[in-house]
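Which chain is which? The protein sequence lines are Z and H, in order.
If you read the first sequence in our numbering, its first letter stands for residue 1, the second for the next number, and so on.
If you read the second sequence in our numbering, its first letter stands for residue 442, the second for the next number, and so on.
The reader is advised that the hints may include incorrect statements.
Derived pair list, reagent style DSS-like, types lysine-lysine, alpha-carbon separation capped at 30 Å [as the list claims (entries may be wrong)]:
hint, chain 1, residue 1, chain 2, residue 2
1, H, LYS552, H, LYS678
2, Z, LYS373, Z, LYS11
3, H, LYS621, H, LYS557
4, H, LYS596, H, LYS557
5, H, LYS549, H, LYS599
6, H, LYS445, Z, LYS327
7, Z, LYS320, H, LYS599
8, H, LYS670, H, LYS596
9, H, LYS621, H, LYS600
10, H, LYS443, Z, LYS327
11, Z, LYS320, H, LYS621
12, H, LYS567, H, LYS557
If you're looking for bench data, these hints aren't it; they were derived computationally from the structure.
Here the structure is a predicted model, which means the values were calculated and not measured.
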Amino acid sequence: MNRRRTNFLFKIDNIVARQHCLLIIREAVTVLFPFVLVGLYVELLSDAIFHKHGFLNNIYHISQWFPGFRIFSRYFTILDLSINGVISIALTFLVAKITVRKSSDNQLAAGLTAAFSFMMVNFNRSILGHTQHYYGASRFLEGNLGYSGAFIAIIVGLTTGWIFNRFAAMNKHRRGLIEQRATLTIQTQKSIMPILITFVFFGLLSCIVSLLVKIGANGLLSSPLQFSFTGYSWILGSAILSIIINNCLWLLGLIGYFDFNNASSSSMVQNLEYAIQHGSSWGAPNQMSIHTLVDSFANIGGPGMALSLLIVIVWRSRNKDLLTIGKTGLFPSIFNINQSLFMGTALLYNPLLIIPFLCTPAVSVLITWIALKLNFMPPSVYPVSETTPGFLAGWLGTGGTWQAFLISILNLMVAIVLYLPFVLLHDHFEGVRKEGADDEN
Amino acid sequence: MKTKWFFGGLAILVLLAICIPAYNWNHSNIARLRNSGKTQMAPIIMVPGSSATKNRFDSLITELGHEAPQDHSVLKLVVKKDGRITTTGTIRRNDNQPFIVVSFENNKDGKVNIDKQAVWLSAAFKQLVQTYHFNHFSALGHSNGGLILTLFLEKYLKKTPSVRVDKLMTIASPYNMEEKSTTYKTSMFKELYAYRAGLPASLVMYSIAGTENYNSDGTVPYNSVNFAKYIFQDEIKNFTEITVTGANTAHSDLPQNRQIVSLIGQYILRESFPRKQDKTQGE
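Starting from the given sequences, assemble the full structure and let the hints guide the process.
Next up, the structure:
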């Protein structure tokens with residue numbers, strides 16, 4: 001039994017090496033990693049320090065004494081939007097380029113084709129109907145060019161690569177030493193077919209989608225994708241379910257399908273007004289909501305209690321790649337600055353972590369639910385800025401009750417304990433693989 | 442061993458350096474929320490005119506969405522004939538100026554119906570205050586919606602004394618119904634005039650008239666809109682009349698008329714709009 005379980009876990013640990021697609025993605029992400037890292041720190045500076053609602057700005061009043069605050073703020077916003085805001089274009093380029101490795105001549109052409117196709121897919125469909133009176137609207141869904149477009153970027157990249165592998169003109173026999181430099185004619189002959197096929201395909205796809213779905217550029221009129229949980233009897237179940245589904249989607253790079261901030265907005269407003277009138281959040285009308293359960297206590301450091309994962313990696317992992325990720329990501333993660341590709345890299349290098357990544361937040365929700373149910377702590381009602389360190393969000397959100405702080409720390413500890421075996425196991429498997437490789441030699 | 446102690450001590454120091462100012466900031470924040478008196482949230486209640494549904498303001502809201510620097514969430518209420526209320530949409534957290542559209546199942550024209558609709562509006566209003574705990578709001582009415590709102594402010598707002606109205610804007614509201622004459626007074630006007638003392642003294646009011654020609658917007662006579670002055674002048678803090686002419690000034694086009702959209706942004710939302718329309722007109 002135990003052996004079977006170990007085998008099962010070993011298989012998961014090996015999944016990236018066996019799945020060609022995942023291997024491609026891992027390679028692309030590895031190339032992209034330095035950029036992701038720079039983006040991470042730029043976002044940290046831009047959101048936590050040089051932002052009106054940044055946590056560090058709020059508590060140290062940086063804007064009041066720091067000379068040139070506004071200039072810095074503008075500077076980092078530019079960097080943030082220009083790196084993090086368009087990173088998926090780079091991702092789709094890399095994925096396509098790596099996918100066509102075998103017929104190597106077309107690598108760059110495939111990457112570029114994928115980048116163009118990606119833009120086609122993210123065309124802003126809502127401007128088609130408005131020929132006039134549509135000032136200032138972007139032609140592309142800019143939100144999808146950043147991290148939230150990663151999934152589409154990967155799909156577009158893989159598809160483009162596949163089309164190139166399939167339809168590119170093969171001319172191995174003609175390729176001699178003399179033809180090292182690709183002439184214009186040959187290059188065009190080789191790549192024109194797959195380029196055309198890809199463009200026609202994605203153009204058509206985007207066109208069909210635009211006929212079927214009308215997504216406005218601004219989510220002004222309430223969108224159907226927003227889930228609101230009103231059945232309070234099932235709040236625990238729906239909270240756990242939603243956080244697991246959300247994290248699953250997050251793994252795929254689909255971010256924000258569950259809008260936890262807004263899911264129970266009216267109950268939050270009620271809670272806040274209650275607390276303002278009564279001077280404390282004890283006894284607020286909506287004790288259990290997605291906000292009081294998930295927002296403040298199950299998202300410490302980012303989805304999947306990312307902070308505790310990074311702590312475990314830094315603390316116990318001996319794997320060099322994971323250590324790099326852990327050490328570089330720990331500090332931004334304290335302020336909830338955390339990006340899907342960054343965590344995705346960690347999970348691609350240690351697929352075992354997917355298991356605790358999905359389970360840990362559910363455990364945190366459960367602990368929080370019990371604490372609220374037993375009236376151990378009041379629900380968190382006051383607004384806190386998004387860059388508030390996760391382990392302080394509950395404490396500050398309840399207006400500074402020590403019980404909430406304790407629960408946050410408890411959640412963090414439990415998450416660390418849950419992550420630990422998987423990190424250690426990965427190191428163990430790594431050792432086993434190395435031995436196997438040595439034996440073969 | 443020594444370095445371990447050093448890092449442990451450093452970590453605790455950093456934690457304290459974050460926690461103490463964070464706690465202070467948190468408390469000043471809560472104190473500010475508590476002392477502001479006015480709630481953070483101040484919805485904009487929109488009432489459509491006769492025979493219009495809850496979706497009457499969609500194009501206006503979309504137009505505002507293209508230009509306004511901030512997104513506003515939209516909640517739509519329909520009051521049934523028996524007083525039951527159905528809602529669609531949600532109010533987003535942190536949205537301090539949500540749009541709330543209140544419409545009526547019986548949305549017919551005529552004084553009898555308008556009187557009824559004002560009562561329904563007050564029922565919906567009561568429920569909104571109970572749910573969202575706001576204590577001030579602004580209002581926007583198109584056509585007869587403006588009359589319903591005026592009646593509501595005159596007669597029914599007093600029933601919730603904790604709530605004040607900041608601003609009211611009516612777009613092409615016929616205060617003297619379809620009457621073109623400058624002297625004849627309809628029973629609707631007489632009622633609005635009789636109760637005018639009930640209007641809150643702090644109200645700031647804008648009455649917008651659209652005109653396609655010199656005397657009407659195609660449906661509502663200019664003179665009827667102009668009758669607003671007899672009701673509001675000297676009863677409230679500020680009363681402003683604005684006449685809009687040019688393209689899209691037919692009665693039903695007015696809510697999405699670009700000039701009116703920017704007037705709404707300027708006076709009701711108090712947001713600075715980019716002056717894009719000037720640029721394109723210059724082209």
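Hint by hint, here is what the structure shows:
no.	hint	verdict
1	LYS552/H with LYS678/H	27 Å, holds
2	LYS373/Z with LYS11/Z	40 Å, violated
3	LYS621/H with LYS557/H	25 Å, holds
4	LYS596/H with LYS557/H	12 Å, holds
5	LYS549/H with LYS599/H	26 Å, holds
6	LYS445/H with LYS327/Z	17 Å, holds
7	LYS320/Z with LYS599/H	70 Å, violated
8	LYS670/H with LYS596/H	18 Å, holds
9	LYS621/H with LYS600/H	35 Å, violated
10	LYS443/H with LYS327/Z	22 Å, holds
11	LYS320/Z with LYS621/H	85 Å, violated
12	LYS567/H with LYS557/H	16 Å, holds
Violation of the numbered hints given earlier is confined to hints 2, 7, 9, 11; the remaining hints are satisfied by the structure.
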